[in-house]
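These are the residues of each chain, in order.
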Amino acid sequence: MINSLTPFVTYIKNFKILNQVRCASQVLPQLSSEKYNVKRKSFGIIEASDVDYFKTVLSEDRVLTDDNDVLPFNIDWIKNCRGQSKLVLKPKTTQEVSTILKYCNQKRLAVCPQGGNTGLVGGSVPVFDEIVLSFILMNKIISLDEISGALICEAGCILENLDNYVREHNLIMPLDLGAKGSCHIGGNISTNAGGLRLLRYGNLHGSVLGVEAVKADGTVIDCLKSLKKDNTGYHLKHLFIGSEGTLGLVTKVAIHCPALPKAVSVGFFGVENFENILRLYASAKSSLGEILSAFEMADNDSISSTVKNLKIPNPISDYPFYVLLETHGSDETHDSEKLTRFLEKEMESGLIIDGTVTSDPAKMQTIWNLRENIAGAGLIEGYIFKYDVSLPLRSYYNLVPLLRQRLGTKASRVYGYGHVGDGNIHINVVVPKYSQEASSLLEPYIFEEVSKLKGSISAEHGVGFRKPHFIHYSKDANALQLMQQLKQLMDPNGILNPYKVLPEI
Amino acid sequence: MARVLVGVKRVIDYAVKIRVKPDKSGVVTDGVKHSMNPFDEIAVEEAVRMKEKKLASEVIAVSCGPAQSQETLRTALAMGADRAIHIEVAGAEYETMQPIHVAKILAKLSKDEKADIVIVGKQAIDDDSNQTAQMTAALLDWPQGTFASKVEKTDSGLTITREIDGGLETIKTKIPAVISADLRLNEPRYATLPNIMKAKKKPLKKMTAKDLGVDLTSRIKIISVEDPPVRQAGSIVPDVDTLIAKLKEGGHI
Numbered sequence: 001m002i003n004s005l006t007p008f009v010t011y012i013k014n015f016k017i018l019n020q021v022r023c024a025s026q027v028l029p030q031l032s033s034e035k036y037n038v039k040r041k042s043f044g045i046i047e048a049s050d051v052d053y054f055k056t057v058l059s060e061d062r063v064l065t066d067d068n069d070v071l072p073f074n075i076d077w078i079k080n081c082r083g084q085s086k087l088v089l090k091p092k093t094t095q096e097v098s099t100i101l102k103y104c105n106q107k108r109l110a111v112c113p114q115g116g117n118t119g120l121v122g123g124s125v126p127v128f129d130e131i132v133l134s135f136i137l138m139n140k141i142i143s144l145d146e147i148s149g150a151l152i153c154e155a156g157c158i159l160e161n162l163d164n165y166v167r168e169h170n171l172i173m174p175l176d177l178g179a180k181g182s183c184h185i186g187g188n189i190s191t192n193a194g195g196l197r198l199l200r201y202g203n204l205h206g207s208v209l210g211v212e213a214v215k216a217d218g219t220v221i222d223c224l225k226s227l228k229k230d231n232t233g234y235h236l237k238h239l240f241i242g243s244e245g246t247l248g249l250v251t252k253v254a255i256h257c258p259a260l261p262k263a264v265s266v267g268f269f270g271v272e273n274f275e276n277i278l279r280l281y282a283s284a285k286s287s288l289g290e291i292l293s294a295f296e297m298a299d300n301d302s303i304s305s306t307v308k309n310l311k312i313p314n315p316i317s318d319y320p321f322y323v324l325l326e327t328h329g330s331d332e333t334h335d336s337e338k339l340t341r342f343l344e345k346e347m348e349s350g351l352i353i354d355g356t357v358t359s360d361p362a363k364m365q366t367i368w369n370l371r372e373n374i375a376g377a378g379l380i381e382g383y384i385f386k387y388d389v390s391l392p393l394r395s396y397y398n399l400v401p402l403l404r405q406r407l408g409t410k411a412s413r414v415y416g417y418g419h420v421g422d423g424n425i426h427i428n429v430v431v432p433k434y435s436q437e438a439s440s441l442l443e444p445y446i447f448e449e450v451s452k453l454k455g456s457i458s459a460e461h462g463v464g465f466r467k468p469h470f471i472h473y474s475k476d477a478n479a480l481q482l483m484q485q486l487k488q489l490m491d492p493n494g495i496l497n498p499y500k501v502l503p504e505i
Numbered sequence: 001m002a003r004v005l006v007g008v009k010r011v012i013d014y015a016v017k018i019r020v021k022p023d024k025s026g027v028v029t030d031g032v033k034h035s036m037n038p039f040d041e042i043a044v045e046e047a048v049r050m051k052e053k054k055l056a057s058e059v060i061a062v063s064c065g066p067a068q069s070q071e072t073l074r075t076a077l078a079m080g081a082d083r084a085i086h087i088e089v090a091g092a093e094y095e096t097m098q099p100i101h102v103a104k105i106l107a108k109l110s111k112d113e114k115a116d117i118v119i120v121g122k123q124a125i126d127d128d129s130n131q132t133a134q135m136t137a138a139l140l141d142w143p144q145g146t147f148a149s150k151v152e153k154t155d156s157g158l159t160i161t162r163e164i165d166g167g168l169e170t171i172k173t174k175i176p177a178v179i180s181a182d183l184r185l186n187e188p189r190y191a192t193l194p195n196i197m198k199a200k201k202k203p204l205k206k207m208t209a210k211d212l213g214v215d216l217t218s219r220i221k222i223i224s225v226e227d228p229p230v231r232q233a234g235s236i237v238p239d240v241d242t243l244i245a246k247l248k249e250g251g252h253i
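One line per chain: the protein sequences are L and P, in this order.
Everything in the first sequence is counted per our numbering, starting at 1 for the first residue and increasing by one.
Everything in the second sequence is counted per our numbering, starting at 1 for the first residue and increasing by one.
Heads up, some of the hints might be wrong.
To be verified - Derived pair list, reagent style EDC-like, types lysine to aspartate or glutamate, alpha-carbon separation capped at 16 Å: (1) P:33 / L:344; (2) P:33 / L:332; (3) P:17 / L:344; (4) P:200 / L:344; (5) P:17 / P:155; (6) P:17 / P:30; (7) P:33 / P:126.
To be verified - Not everything, but these chain P residues come out facing chain L in the computed CB check (under 8 Å): (8) 13; (9) 16; (10) 29; (11) 186; (12) 190; (13) 191; (14) 197; (15) 201; (16) 203; (17) 204.
Said to hold, decoys possible - Restraint-style ranges between C-beta atoms, simulated for each label pair: (18) L:148 / P:197: 38 to 46 Å; (19) L:227 / P:230: 45 to 53 Å; (20) P:226 / L:340: 36 to 44 Å; (21) L:260 / P:197: 51 to 59 Å; (22) L:334 / P:197: 50 to 58 Å; (23) P:217 / L:227: 42 to 50 Å; (24) P:200 / L:472: 52 to 60 Å.
Honestly, the hints are just simulated from the structure, not real lab data.
Built from N, CA and C at the ideal position, the CB exists for glycine as well.
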């Protein structure tokens, strides 16, 4: 039976396989420092004695210096950035992280923390010779309180592994994203990852109960409480959520896991235009209420390129726009009654042209798989410029047609998809090959437009290496100044993830 | 035109992790998500395609099992079956129900409903028996085309391509016949919303095995259901020599 079912499963695994094939066959991306014309700051240079010291702190096999071993840590997964690190350290404990940072701070050696390396803004790979501090071995689950739902674990736990673990105890992780099979919870928190179910379970600033983090000088900040309420002093944990490893390195996490929904359904619909998507969203919110857990959209190009490039089947016919809707509830009969009423109404009204709905786990997985793989689908056709912006819902889709017009034939595809429920759209611009010309047509134009519409130039991907010089489109000078002061206070030597997040003064 | 009877079984969804009951009497099914056996979905798809090609006049879906099997039948109706028959079998009786019982039910229904073609999945992914099609054909004394990866209608009957070890076998049968669907026969469709709505109103008849004169007395007794052995952890060896030494030590080379 297992053999016969393999093709079913292969659909799901396909994406990972494709990825590996690509890694093996492509040439190395250009060095980030050359591509983006960055100057190295005056950090210390790693010497043999430093490597020897690290070998006394960690066992020898956890200190990588061979070029081939280090290479994967230097390149991000969309092959946009390449650093020049010569040293990767793999600590197993908070104490080891602390010892390493204390030493680096004294010697002014720059450090680039790295989780699953699934970031999209080059935040997780070095730019020059920063020491890569990989959390890959800090992957232990410490405790789970089944009643409160508080999970405590180390930063290097892979999101999907955590989700599988808490599911055994009738809980789920409060976030879910396409990269779940590789991304680390520490990285999720450092980047304040959003993902597919933010609509229902909220932002990490709400679900993270506590963190343990190490400051640049090696001081361990223990805010690892698993309390829902704790108004004692400043809420320091929030400094580490979304600061992308520039203020401190998250080593342990306490996170609130909601109850595993007993009834889950997924619908996938064809919709005529974006205006109708907004109407459908409003109707879904009022008809489905508390059971609505995701409301995602994708335009025709997003889906058709995923179907074509990754050979993932589209369960319905061709439509201008698609909506993926998910419900999480505690009673199948109740949910299905609600959902049926909603679907009947909106089929009648014409907001839904056609579609499908299912509660079979395998089928739901196939539909989600189509949605989650949009992010990687364009890679096969060339180079992707990826933008992740928040916009007021009225203007949510405005930029896609604007960019199509602006780039004309220079782009092979411009498509938009994302989390309508959170006002967050991902815009991908696929060009046959990276070119300065395409880049200058896009940037800063797109950020100016976002700023005019009062949106955010980075909704959930962060600022990383790629966007510090655009951050002012979303934050004013006083806010940026306070950020610089915080950085100065917590990392006076600037060794933590340099060249990232904040612009050069 | 032919009338097609399709057997559909409600099984634990293949994406769900199976857990053995602590008393080893079976697997945990309470509160576990079930769906249609994937091979039966292929069978339904094939029957519906026959109808769309005007080779079949009517598609009847049949399921034997507890009340929830009606959900599986509604799925078949949403995919395009015209009507459904639910043979209600519940509790202890269902736990020991075997392919022979299902085959007897399908054979009797085929006669009652004047079916010309019976299509079932080649096996169910829960008990992996792979017997129902063969037994049904034997009981009816009809030809059988098992493990079908292609079914074509010809003037005199059917041409069926079968997946066999190391290749494909093409056979011709007369109608009536029994077919079992293999994985590559087709890719089942997703039921569309209008069809899901329509399916709620299609006729679904409830019957018992007794109505059909089929005795469900168990011929087997489940002694124990065990988890597969846990895979042992691997280890990393420093060099080829150690690897060879280890392999020799384990008697592999």
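Right, here's what the structure says about each hint:
{"no.": "1", "hint": "P:33 / L:344", "verdict": "violated (25 Å)"}
{"no.": "2", "hint": "P:33 / L:332", "verdict": "holds (11 Å)"}
{"no.": "3", "hint": "P:17 / L:344", "verdict": "violated (33 Å)"}
{"no.": "4", "hint": "P:200 / L:344", "verdict": "holds (12 Å)"}
{"no.": "5", "hint": "P:17 / P:155", "verdict": "violated (46 Å)"}
{"no.": "6", "hint": "P:17 / P:30", "verdict": "holds (13 Å)"}
{"no.": "7", "hint": "P:33 / P:126", "verdict": "holds (13 Å)"}
{"no.": "8", "hint": "13", "verdict": "holds (5 Å)"}
{"no.": "9", "hint": "16", "verdict": "holds (6 Å)"}
{"no.": "10", "hint": "29", "verdict": "violated (15 Å)"}
{"no.": "11", "hint": "186", "verdict": "violated (12 Å)"}
{"no.": "12", "hint": "190", "verdict": "holds (4 Å)"}
{"no.": "13", "hint": "191", "verdict": "holds (6 Å)"}
{"no.": "14", "hint": "197", "verdict": "holds (6 Å)"}
{"no.": "15", "hint": "201", "verdict": "violated (12 Å)"}
{"no.": "16", "hint": "203", "verdict": "violated (19 Å)"}
{"no.": "17", "hint": "204", "verdict": "violated (17 Å)"}
{"no.": "18", "hint": "L:148 / P:197: 38 to 46 Å", "verdict": "holds (42 Å)"}
{"no.": "19", "hint": "L:227 / P:230: 45 to 53 Å", "verdict": "violated (37 Å)"}
{"no.": "20", "hint": "P:226 / L:340: 36 to 44 Å", "verdict": "holds (41 Å)"}
{"no.": "21", "hint": "L:260 / P:197: 51 to 59 Å", "verdict": "violated (29 Å)"}
{"no.": "22", "hint": "L:334 / P:197: 50 to 58 Å", "verdict": "violated (19 Å)"}
{"no.": "23", "hint": "P:217 / L:227: 42 to 50 Å", "verdict": "violated (60 Å)"}
{"no.": "24", "hint": "P:200 / L:472: 52 to 60 Å", "verdict": "holds (56 Å)"}
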